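Visitor: Build out the structure end to end from the sequences listed, making use of the hints.
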Amino acid sequence: MNLNELLQAASTQLEAAGLAYGHGTTNAHDEAVWLTLWQLGLPLDSALDELAERACSEAEVAAVQALIQQRIATRQPAAYLTHEAWLQGVPFYVDERVIVPRSFLAEFIAAAEGAESIDGWLGEHTQQVLDLCTGNGSLAVLAALAWPEVQVDAADLSTDALAVARINVDQHGLQDRIKLIESDGWANLPGSYDLILCNPPYVCRQGMDELPAEYRAEPLISLDGGTQGSADGMDFVRHLLAHALEHLNEHGVLLLEIGNEREHFERAFPTLLAYWPETSAGEGPVLLLTRENLADWAATKDIT
1 MNLNELLQAA
11 STQLEAAGLA
21 YGHGTTNAHD
31 EAVWLTLWQL
41 GLPLDSALDE
51 LAERACSEAE
61 VAAVQALIQQ
71 RIATRQPAAY
81 LTHEAWLQGV
91 PFYVDERVIV
101 PRSFLAEFIA
111 AAEGAESIDG
121 WLGEHTQQVL
131 DLCTGNGSLA
141 VLAALAWPEV
151 QVDAADLSTD
161 ALAVARINVD
171 QHGLQDRIKL
181 IESDGWANLP
191 GSYDLILCNP
201 PYVCRQGMDE
211 LPAEYRAEPL
221 ISLDGGTQGS
231 ADGMDFVRHL
241 LAHALEHLNE
251 HGVLLLEIGN
261 EREHFERAFP
271 TLLAYWPETS
281 AGEGPVLLLT
291 RENLADWAAT
301 KDIT
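When we follow the UniProt record's numbering, the leftmost residue of the sequence shown carries the number 1, and every step to the right adds one.
A few of these clues could be false.
To be verified - Pair by pair, the computed Cβ-Cβ distance ranges are: (1) Ala231 / Thr12: 37 to 47 Å; (2) Ala63 / Tyr21: 16 to 26 Å; (3) Glu266 / His125: 24 to 34 Å.
Since the hints were derived computationally from the structure, they do not count as laboratory data.
None of these values were measured; they are calculated from a predicted model.
For glycine and all other residues, C-beta sits at the position ideal for the given N, C-alpha and C.
Guide: What follows is the structure in structure tokens.
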């Protein structure tokens, strides 16, 4: 069996299994390519047309087929099987202690195609960065790589997540520029920042009920935005915004991801003027708030 035949067989198996994607790939074919190349030890950006006729040994075929069957049987994201995920071209270690990194915020850090630039809100004053709800630390690492002059605090409630983040910080040699902090929201973060990045739990109750198995394999605390009992998924976001003004420097900005929950956000914060920059998925997954936005909202929220 050559590589092309092996890929076709793997893709057919995944397609027939009716799996859910979104943890690095969006379809069965791309997932088959990822798992097959990884199992064979080939670069994930390999030119498939040049490798199509590459002969695969019986042992290689068996190993790939076993990995494909594991993906189907467990319904775990592929990244949990390979312990590797890529975000904006940068590799990260992942396991079941953290959600698989896929944040739209990474597009703004990396100035990716399809994402609007946020350079107008940043500048020489941007020195202190916070990645709140850091998970595996990927956004903190990307920020430190993109802006060599900044110091980054990376905070999370989960000690398990911070253990994974430590692996990634160390692997990228950023121990001197990224500080990992265990914190329940703002609790252990007395300082203030020029840029706050936050990809919090924001999935609403209906969304949680409809999650496919691949997403339910992730730590639900990182997804469920209704842990305090609300149905709109905005529990953590309410806590975040209630105290954000205290943690933003004069020209500081907050970049917040809320995925598909824009309607719930706007209903929860009707007087908060936010800017919705363009992402690769259009407007809506991410919003930007300035200190001025938050100050104006703080002055009116109690009477509206």
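Visitor: None of the hints should be skipped; say for each whether it holds.
Guide: Results of checking the hints against the structure:
no. : hint                        : in the structure
1   : Ala231 / Thr12: 37 to 47 Å  : 40 Å, holds
2   : Ala63 / Tyr21: 16 to 26 Å   : 22 Å, holds
3   : Glu266 / His125: 24 to 34 Å : 30 Å, holds
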